[in-house]
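*Asks:* Sequence:
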Amino acid sequence: MDRHTLHQFLKKFFLTNGCQLIEEKEGLLHFLLTPELDEELMNRPFYWRYKKRLGQEGDPMELTLLTDPNETAEKAEHIHFGSPRLHKIFRLIRDSAQVARLYEKVDTASRTPLYPWLIRNMSVHFSGKRKRTETHSVGLQLLNGQLETDWMENFSQVEFKQQISDQCYCLSPIIRYQSGYQRISSYMHTYLDTIDDSWVKETKDTLKQEEDLLAHFFDQSAQEELEEEIREERAALYKNELDAVHKRLVPSIQMETINAGIFYLSEETARKLFHKKEA
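For the sequence shown, the residue numbers in our numbering are 34 to 312.
Bear in mind the hints are in silico, worked out from the structure with no lab data behind them.
The reader is advised that the hints may include incorrect statements.
Result set (EDC-like, lysine to aspartate or glutamate): computed pairs, CA atoms no more than 20 Å apart in a straight line [to be verified]:
1. Lys138 <-> Glu192
2. Lys241 <-> Asp276
3. Lys138 <-> Asp199
4. Lys44 <-> Glu90
5. Lys85 <-> Glu300
6. Lys272 <-> Glu244
7. Lys121 <-> Glu69
8. Lys164 <-> Glu104
9. Lys85 <-> Glu104
10. Lys45 <-> Glu69
11. Lys45 <-> Glu59
12. Lys108 <-> Asp92
13. Lys121 <-> Glu95
14. Lys44 <-> Glu57
15. Lys45 <-> Glu57
16. Lys280 <-> Asp238
17. Lys164 <-> Asp226
18. Lys164 <-> Glu289
19. Lys138 <-> Glu301
20. Lys237 <-> Asp276
21. Lys164 <-> Glu235
22. Lys45 <-> Asp140
23. Lys108 <-> Glu192
24. Lys164 <-> Asp230
25. Lys84 <-> Glu95
26. Lys108 <-> Glu181
27. Lys162 <-> Asp245
28. Lys194 <-> Glu301
29. Lys84 <-> Glu73
30. Lys58 <-> Glu95
31. Lys85 <-> Glu69
32. Lys162 <-> Asp276
33. Lys234 <-> Glu244
34. Lys58 <-> Asp92
Per label pair, the in silico range of CB-to-CB distance [said to hold, decoys possible]:
35. Arg118 <-> Gln89: 40 to 48 Å
36. Ser212 <-> Glu95: 24 to 32 Å
37. Ser143 <-> Thr290: 30 to 38 Å
38. Arg304 <-> Thr38: 48 to 56 Å
39. Glu110 <-> Lys280: 47 to 55 Å
We put the CB at the ideal spot given by N, CA and C, even for glycine.
Construct the entire structure; sequences and hints are all you get.
*Replies:* Written out as structure tokens, the structure is:
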């Protein structure tokens with residue numbers, strides 16, 4: 034990535050994310066950040082936590098980037114391919130591409146806050162003598178950590194859109210997305226610890242039976258009189274057959290994320306969904 038390409042890339046990234054371009058010249062970009070990008074890029078977690086606790090809007094910082102190593106400016110930082118700042122921007126782009134953001138359609142004449150929920154849809158594959166797959170939809174409220182299950186079943190009655198409705202505003206998450214992912218993973222691991230594991234013992238018993246059967250069929254002591262080349266071929270065949278049995282019968286659980294998204298919901302809608310589930 035040459036300096037000109039880097040310059041244009043950074044300009045597009047910050048403008049696309051709502052930042053104000055204060056100054057631009059050859060090798061220099063000066064932006065006023067949005068609160069969201071300030072929180073992600075400027076390493077001020079305690080400042081933003083303090084503001085959120087007080088219910089106040091924070092003051093985002095200005096950021097001056099130099100794409101020309103020969104350029105100088107007050108309170109500016111040089112950025113280049115391989116610099117930590119650029120890697121953090123790449124990571125933000127990658128993460129935002131993986132996580133969709135949708136907003137509840139709200140018809141209101143008064144200011145209405147929307148609460149951020151991280152929704153993660155997952156599949157859990159159980160492999161063994163019997164194979165099965167479960168699907169789970171888990172939601173985590175990114176302000177207070179409230180966790181709910183079976184979310185996608187409830188979302189069918191809620192209309193979402195890609196732009197926030199008039200008179201609505203989004204509350205900034207206190208729990209970061211990565212931490213939210215980890216909390217949902219911890220919930221799923223706890224769930225898996227509670228399910229009936231009799232299928233594991235059943236699978237292991239069947240595995241032992243098939244291992245014994247193969248060992249008997251390829252009894253090495255009965256092959257001592259065979260030619261060395263034939264013995265080697267049979268040994269390789271035995272290993273292949275044993276690997277195939279293990280692949281089919283060694284019990285395992287694999288969990289994967291199907292998709293995920295940040296859904297912004299009004300408090301009223303979330304309460305209705307919870308009430309319906311509890312009823």
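*Asks:* Against each hint, give a clear statement of whether it holds in the structure.
*Replies:* Tested hints:
1. Lys138 <-> Glu192: The given pair, whose Cα atoms are some 6 Å apart, holds under the 20 Å limit.
2. Lys241 <-> Asp276: Within the cut-off at roughly 13 Å; holds.
3. Lys138 <-> Asp199: It holds: about 9 Å lies between the C-alpha atoms, which stays within 20 Å.
4. Lys44 <-> Glu90: Given that 20 Å is the threshold and the Cα spacing comes to 25 Å, the pair is violated.
5. Lys85 <-> Glu300: Holds. Lysine 85 to glutamate 300 sits at ~18 Å (cutoff 20 Å).
6. Lys272 <-> Glu244: 11 Å, holds
7. Lys121 <-> Glu69: Distance of about 14 Å is within 20 Å: holds.
8. Lys164 <-> Glu104: 62 Å, violated
9. Lys85 <-> Glu104: Since the Cα atoms of lysine 85 and glutamate 104 sit roughly 37 Å apart, the hinted pair is violated (cutoff 20 Å).
10. Lys45 <-> Glu69: 16 Å, holds
11. Lys45 <-> Glu59: 15 Å, holds
12. Lys108 <-> Asp92: Holds, because 17 Å separates the two Cα atoms, which is no more than 20 Å.
13. Lys121 <-> Glu95: 17 Å, holds
14. Lys44 <-> Glu57: 9 Å, holds
15. Lys45 <-> Glu57: Status holds; Cα separation ~12 Å.
16. Lys280 <-> Asp238: 15 Å, holds
17. Lys164 <-> Asp226: Given pair lysine 164, aspartate 226 holds - Cα atoms ~18 Å apart, limit 20 Å.
18. Lys164 <-> Glu289: 16 Å, holds
19. Lys138 <-> Glu301: Holds. Lysine 138 to glutamate 301 sits at ~13 Å (cutoff 20 Å).
20. Lys237 <-> Asp276: 15 Å, holds
21. Lys164 <-> Glu235: Roughly 12 Å between the alpha carbons, so the hint for lysine 164 and glutamate 235 holds.
22. Lys45 <-> Asp140: 33 Å, violated
23. Lys108 <-> Glu192: Measuring from Cα to Cα gives roughly 46 Å; hence the hint is violated.
24. Lys164 <-> Asp230: 13 Å, holds
25. Lys84 <-> Glu95: 18 Å, holds
26. Lys108 <-> Glu181: 45 Å, violated
27. Lys162 <-> Asp245: 16 Å, holds
28. Lys194 <-> Glu301: Given that 20 Å is the threshold and the Cα spacing comes to 18 Å, the pair holds.
29. Lys84 <-> Glu73: 15 Å, holds
30. Lys58 <-> Glu95: 16 Å, holds
31. Lys85 <-> Glu69: Roughly 13 Å separates the two Cα atoms, so the pair holds.
32. Lys162 <-> Asp276: 15 Å, holds
33. Lys234 <-> Glu244: 15 Å, holds
34. Lys58 <-> Asp92: 25 Å, violated
35. Arg118 <-> Gln89: 40 to 48 Å: Roughly 27 Å apart at Cβ, these two residues miss the hinted range, so it is violated.
36. Ser212 <-> Glu95: 24 to 32 Å: Given about 28 Å between the Cβ atoms, the range holds.
37. Ser143 <-> Thr290: 30 to 38 Å: 37 Å, holds
38. Arg304 <-> Thr38: 48 to 56 Å: 49 Å, holds
39. Glu110 <-> Lys280: 47 to 55 Å: Since glutamate 110 and lysine 280 have Cβ atoms about 52 Å apart, the given range 47 to 55 Å holds.
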